[in-house]
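Q: Sequence:
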Amino acid sequence: MSSDSSLSTPLPMIRLLGVAFDHFSTEHFQRVAAAGYADIRPGHGCVFGGIDPENGSRLTDLADSAMMTKQTVGDVVSDLEKRGYVERVPDPEDGRAKIIRLTTKGREVYFTGWRLNDELEKEWAARFGEDRVAALREALELVHAKRFGTLPG
176 MSSDSSLSTP LPMIRLLGVA FDHFSTEHFQ RVAAAGYADI RPGHGCVFGG
226 IDPENGSRLT DLADSAMMTK QTVGDVVSDL EKRGYVERVP DPEDGRAKII
276 RLTTKGREVY FTGWRLNDEL EKEWAARFGE DRVAALREAL ELVHAKRFGT
326 LPG
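In this text, residue positions in the sequence shown follow my numbering: the first is 176, and each later residue adds one.
It is possible that part of the hints are untrue.
Pairwise CB distance ranges (calculated) [claimed, not checked]:
hint, residue 1, residue 2, range
1, Arg-271, Leu-311, 17 to 23 Å
2, Gln-205, Phe-323, 24 to 30 Å
3, Asp-254, Glu-229, 41 to 47 Å
4, Phe-199, Asp-239, 36 to 42 Å
5, Asp-236, Arg-282, 14 to 20 Å
6, Ala-320, Gly-211, 15 to 21 Å
Bear in mind the hints are in silico, worked out from the structure with no lab data behind them. Please read these numbers as outputs of a predicted model, since none were measured by experiment. Ideal placement from N, C-alpha and C gives every residue a C-beta, glycine not left out.
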């Protein structure tokens, strides 16, 4: 049985997004490891992607930002705490709550990760076309705004 690409059905959006995410993420975390942080894993992104680097964040805020359960993000926080990247400190506004705060080592990897992310996005623009990557970013920012009610940054 032969296939005629002119009659083929386009790949589902979920598959395309997954492939793009996997490709970008793999490149990103290879660079993070090469920068000296081989113990950082993609799963740590639920903390590093949502934490306030200056003041830290509550676990509930990290979980909401990552669209994950508090228990799952709490497990990641515990792992990062053991590795020396974050610490739990009392929340000055609520004595019962804790703030997850980056340590010096955590701030180093946080800013390294964001720098590498920016570099990779620029490389994608050169590889796939600036207009295409800009359009992709714009579309994804609109999805984010719809989901969270505001654009990040």
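Q: Quick check: which numbered hints come out false for this structure?
A: 1, 3, 4 and 6
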